[in-house]
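Student: Residue strings, one per chain:
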Amino acid sequence: MAPLVIEAVRKAFRQGSTGVSALAGVSLEVQAGQFLAVMGASGSGKSTLLHLMAGLTKPDGGRVLVDGTDLAALTDRDLTLFRRRKIGLVFQAFNLIPTLSAEENLGLPLMLEGRNRTESRAKVDRLLDSLGLRSRRTHRPDAMSGGEQQRVAIGRALVTDPAVILADEPTGNLDSGNSKAVCELLRDLSVVHGKTIVMVTHEPSVAAYAQEVAVLKDGMLVERFAVDDADGRQGLAARYQESLK
Amino acid sequence: MFLLRLTLKSLAARPTRAILTILAVALSVSLVVAVTGGYASAQAAARHYLDRYLGPVDILISKQNDPRGTISEDVAAALREDPRVRGLAARLELQNGLLKELDGKEEAGRVAAVNGIDWPNDMLAANLDIVDGKWFEGNDGDFVVVDQATAQQLKVSPGQTITLPGLDKRLTLTVVGVVHKPAIIVEGRPVLYVPLKTLQRFADLAGRVTRVLVALRPGADVERFDDEWTPKLEKISPGIRMKSSAQTKQQLDNELAAVDLLSYAGGTVSMLTATFIVFSALSMGVLERQRTLAMLRAVGALRSHVAALVLIEGILLAGTGALIGVPLGLFWVQILTWMFSAFFITGAVLSWGGILLGVGGSLGAALLASLLPAWSASHVSPLDAMMPQSSPPRARNWILCAVIGAMLVTIDPLIFFGPLPQIITALGAADPRGSTQKFRFIAHFALGLPTLLTGLFLMSPAIVWVVERLVGRLVAGVFAVRFAMLRQQLSSGIWRAAGTCTALMVGLATLVVLQIQGNSAMAGWRLPDKFPDIFIATNMLGGIPMQDVAKLDNVQGIKRGQVMPIAIATPGLAHGFFGLAEAMVMPDATMFFGINPDRGFDLMALDFREGNEQDAKRLLKEGRHLLVTNEFRTLKGLHVGDKLKLQTDHGPQDYTIAGVIWSPGIDVIVNVYDMGNSMDQRTAASVFGTLEDAKRDFGVDRYPLVVANLEYAADKADVLKTVQKELKLEGLRAGDVRPLKYKIETEFHKIVLMISSVAFAAMGIASLGVTNTIMASVRSRRWQFGILRSVGVTRGTLLRLVVAEAALLGIIACVMGVGAGLLMGTDAHALSVTVTGYDPPIVRPWNIIAVGVAVVMVISLAASLGPAMQVAFAEPLSLLQAGRSSA
Chain W
1 MAPLVIEAVR
11 KAFRQGSTGV
21 SALAGVSLEV
31 QAGQFLAVMG
41 ASGSGKSTLL
51 HLMAGLTKPD
61 GGRVLVDGTD
71 LAALTDRDLT
81 LFRRRKIGLV
91 FQAFNLIPTL
101 SAEENLGLPL
111 MLEGRNRTES
121 RAKVDRLLDS
131 LGLRSRRTHR
141 PDAMSGGEQQ
151 RVAIGRALVT
161 DPAVILADEP
171 TGNLDSGNSK
181 AVCELLRDLS
191 VVHGKTIVMV
201 THEPSVAAYA
211 QEVAVLKDGM
221 LVERFAVDDA
231 DGRQGLAARY
241 QESLK
Chain L
1 MFLLRLTLKS
11 LAARPTRAIL
21 TILAVALSVS
31 LVVAVTGGYA
41 SAQAAARHYL
51 DRYLGPVDIL
61 ISKQNDPRGT
71 ISEDVAAALR
81 EDPRVRGLAA
91 RLELQNGLLK
101 ELDGKEEAGR
111 VAAVNGIDWP
121 NDMLAANLDI
131 VDGKWFEGND
141 GDFVVVDQAT
151 AQQLKVSPGQ
161 TITLPGLDKR
171 LTLTVVGVVH
181 KPAIIVEGRP
191 VLYVPLKTLQ
201 RFADLAGRVT
211 RVLVALRPGA
221 DVERFDDEWT
231 PKLEKISPGI
241 RMKSSAQTKQ
251 QLDNELAAVD
261 LLSYAGGTVS
271 MLTATFIVFS
281 ALSMGVLERQ
291 RTLAMLRAVG
301 ALRSHVAALV
311 LIEGILLAGT
321 GALIGVPLGL
331 FWVQILTWMF
341 SAFFITGAVL
351 SWGGILLGVG
361 GSLGAALLAS
371 LLPAWSASHV
381 SPLDAMMPQS
391 SPPRARNWIL
401 CAVIGAMLVT
411 IDPLIFFGPL
421 PQIITALGAA
431 DPRGSTQKFR
441 FIAHFALGLP
451 TLLTGLFLMS
461 PAIVWVVERL
471 VGRLVAGVFA
481 VRFAMLRQQL
491 SSGIWRAAGT
501 CTALMVGLAT
511 LVVLQIQGNS
521 AMAGWRLPDK
531 FPDIFIATNM
541 LGGIPMQDVA
551 KLDNVQGIKR
561 GQVMPIAIAT
571 PGLAHGFFGL
581 AEAMVMPDAT
591 MFFGINPDRG
601 FDLMALDFRE
611 GNEQDAKRLL
621 KEGRHLLVTN
631 EFRTLKGLHV
641 GDKLKLQTDH
651 GPQDYTIAGV
661 IWSPGIDVIV
671 NVYDMGNSMD
681 QRTAASVFGT
691 LEDAKRDFGV
701 DRYPLVVANL
711 EYAADKADVL
721 KTVQKELKLE
731 GLRAGDVRPL
741 KYKIETEFHK
751 IVLMISSVAF
761 AAMGIASLGV
771 TNTIMASVRS
781 RRWQFGILRS
791 VGVTRGTLLR
801 LVVAEAALLG
811 IIACVMGVGA
821 GLLMGTDAHA
831 LSVTVTGYDP
841 PIVRPWNIIA
851 VGVAVVMVIS
861 LAASLGPAMQ
871 VAFAEPLSLL
881 QAGRSSA
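Note that the protein sequences, when read in sequence, are chains W and L. The numbering used here puts the first residue of the first sequence at 1, with every later residue one more than the last. The numbering used here puts the first residue of the second sequence at 1, with every later residue one more than the last.
Hints are computed from structural coordinates only; laboratory data are not their basis. You may find that some hints are simply not true.
[What the hints assert, rightly or not] Simulated crosslink set (DSBU-like; lysine-lysine; CA at most 35 Å straight-line):
# : chain 1 : residue 1 : chain 2 : residue 2
1 : W       : Lys58     : L       : Lys9
2 : L       : Lys235    : L       : Lys249
3 : L       : Lys9      : W       : Lys86
4 : W       : Lys123    : L       : Lys9
5 : L       : Lys181    : L       : Lys134
6 : L       : Lys743    : L       : Lys721
7 : W       : Lys217    : W       : Lys245
8 : L       : Lys9      : W       : Lys180
[Claimed, not checked] Computed beta-carbon distance windows for the label pairs:
#  : chain 1 : residue 1 : chain 2 : residue 2 : range
9  : L       : Leu400    : W       : Arg126    : 30 to 38 Å
10 : L       : Trp375    : W       : Asp228    : 30 to 38 Å
11 : W       : Arg126    : L       : Lys9      : 21 to 29 Å
12 : L       : Trp375    : W       : Phe225    : 44 to 52 Å
13 : L       : Gly477    : W       : Ala143    : 40 to 48 Å
These numbers come from a predicted model, not from an experiment. Backbone N, C-alpha and C define an ideal beta-carbon position, used for all residues, glycine too.
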């Protein structure tokens, strides 16, 4: 079974006295090792879809299956533990704990598991090396650049070998140089290391690093295509704009 | 370990906040330790004195119902034969004026305690250190030994003389020695030691003594000795009382226990303040770290992990505060005992109970204070981590809390004003009145007070919200800021503001309660319209004999036929009351005033609440009838016709109640005139009988108090001089009760104000919490302030904005404090009616309450100045760069 399966999920919110349908029956699958970019305009439901994938909220209808587990069937405690072990989250705002060092932030999920520093050191060291952060291991977030912080956040998402990695606008707070570095890193994780990644973005240039793009519009999946079919970045952007019409 | 590390790092990231909170806890704990330690040190000094004073004495024998009464010396002679007696001494202890020479003229000096002792058998005197001269020898001779303070006051030394004036004679004594007495004793009147027979002769009390001191051999059973000898000694000298020193010490412990309880109550007030300050700090932490907490939840931290972070933070803050507070408190105690070393003769004494209260209380406070923030933190949505800006906290939970709080607040008033008596009666209690009293007393402390305070705290966010909306515009106007900028500054961090306001509330509410209680107690003491013009009092020689009282009728200035002596005795009641509260205010004794009914009712207009003057007069004259006070009736549920057993010289006797009167406060006047000054005679209940009853049943035939009316325009001082001349008795005191009442009231208000210092101390501690809150509030809005400065808001406006917010905090705290104080004051008044029966009108001293309100406002405004100036004078760019969302 695919690591991530979305079956006809629906989600609505209340805004004041009005009900707003964020997702109106979206279905998709993400295969193992696949890197999927989810694109859409503001209010298209892409962030809501990511929240559902992460188990941060429950669908009003349909199912979200991660590694074969229906997230809606789990209790809050079980969902939390599942998220810790099976889902890696990368946030737009990095969300590192400002009082912890890079290695402590990276190893946070392992510490929540109850493993002490010695036990988790090897794994943390390996990730720090692979992310080029060895020299920053003892630095706190305020002493690192945005790109470095985001790499620490990615390392935190990887440290438990999750079934899927979910990234919400991971380059949103980065300059172009750092954005490129982070995108390349995510691509390498997918291509080289076989990680399953879903990335929400509104930038075609960022989506170009993925293997496939899914476009949402008004809460529905309107198109899904391979990046290779899009004839470069320009082509991808054009196709994306076309699907929004 | 990981959670501990995370918490420590979080605290280290906000050092000022952590330091202020720890300091507040430390001050609270130090106050607890200092107050309880101070009382423990005073208690130890008192016990040391008692041990030293009573140490060698196992049994004290005295007259039962009259503190100045005498017993036959034959008692000592009989006891001497018992082989169990190791040592025995008889004493005659009287009070007498002293004459001193000033510029060649004789003047009456102070009243002295004159002890006729059987040297060298007197074990108490033998305990004293002679510092100059020596003791006299034997039982006779015109010699005297004085204490060091007396020697200084009278400027006498061995070889010089002191004169005692008496009835128709004087006694000139040669000083042969000076003894040293602890300062705690010497603060009182001068003390003279003269040979026993000399004093007996001078006072016309041959063969009479006031006390016999007995020391038993090791291993002798004191109780058995008491049981064997009491009936025998009754035959020799009726109305005798044997009391072991163990009983005396126990009584001291009981009396001091009440004081001890008060010291713990004061400590509890400061711990309460600390609880709310810790709560406020933790709430601030949760509010500011919402994104971090949300992220932790998003990456897999359980709710329990997040809650534990808050709990650990609370325990760390409180624990560190306690670690600092305990030694700080001990330091205060050391300073106190060093400054008053003459009083604290045993030095500083640890109160382990106080230390336990401080440490346990602060940890308990931390746990309690962290409950709500921990719950709040654990319910932060992990979804918030995905949001660009932290979402504001949901409003619903404080509304629910306000509803629950309002229900809790009604419990204590229901205990006192609800249908409890009817419920207890319906349940078939054997003694509904007594059961109701007991239940109310216990329920108030066990249930009513805790729920009242918890309820007020739960209601506090709602009060913050309401007051902010009602008064916000006015405050904005006063500080010349736009209301739109001030609006919701407090309610956006509602629990933080609520915690701070509650901390301030504790001190102000305590002040209001203490002041209401104290002022109400005094207000209830109103003199009747008709009252004697003059009180003449003496402690000398047990009082004025009847034949000398009769002479007063002919004294110029006194209205003929309007003189009345008052006999005073202290019989015990034949059955006891309940609990510690009883021991505090109604020990197992009462004060019997014997009067002449005809003259008494002429001289005083007594307000009859049951019965009437005519019937009461008739019944009193029959004998063994009493008038009781209204509070006595309220407490005991007695009515006209009911019987009351009093311990007399002939055993328990029934007295019938002839009337219930509203007390004119004679017992208070008498206490001031030092009538029943030995500690086992102090009472709060007064009953009125006749002079004949006092003589027959309690052996009182001398009168320490005489009341009279004066001729028109007679001068009191002149009348007193004439009386002294007529009776040849120096050391009389006379007074009009009105200035006396004023003096007592003034002193009482000073005492209430002194006790209220605990409340002011609590407010001072709370000021640290206010500073914390303002700083956190300013810090969380640095970005907003940056925007305001960028668009043209001046430094002055920004400064006024922060100060206006603090003013709003202060106003909310005042509303809560005064409201809580008035409510608790009403309940406390009901409690004291339950316990003492005394039901004065409630008085609310708005002037002192206004002072408390002013103090709270000053604290709030002063606490805001630092943060306000810091933000007002910061560069706009640095404010903008502080970042938009919470960490």
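Student: Confirm or reject each hint.
Tutor: So, going through the hints one by one against the coordinates:
1. Lys58/W <-> Lys9/L: With Cα atoms ~34 Å apart, Lys58/W and Lys9/L stay inside 35 Å; holds.
2. Lys235/L <-> Lys249/L: Distance of about 28 Å is within 35 Å: holds.
3. Lys9/L <-> Lys86/W: Satisfied, since the Cα-Cα distance of roughly 28 Å is no more than 35 Å.
4. Lys123/W <-> Lys9/L: holds, 24 Å
5. Lys181/L <-> Lys134/L: Between Lys181/L and Lys134/L the Cα gap is close to 15 Å, so the pair holds against 35 Å.
6. Lys743/L <-> Lys721/L: holds, 23 Å
7. Lys217/W <-> Lys245/W: holds, 9 Å
8. Lys9/L <-> Lys180/W: With Cα atoms ~33 Å apart, Lys9/L and Lys180/W stay inside 35 Å; holds.
9. Leu400/L <-> Arg126/W: 30 to 38 Å: violated, 49 Å
10. Trp375/L <-> Asp228/W: 30 to 38 Å: With Cβ atoms ~51 Å apart, the hint is violated.
11. Arg126/W <-> Lys9/L: 21 to 29 Å: 25 Å Cβ-Cβ, so the 21 to 29 Å window holds.
12. Trp375/L <-> Phe225/W: 44 to 52 Å: Holds, since Trp375/L and Phe225/W (Cβ atoms, about 48 Å apart) stay within the stated range.
13. Gly477/L <-> Ala143/W: 40 to 48 Å: holds, 47 Å
The earlier numbered hints that this structure contradicts are 9, 10.
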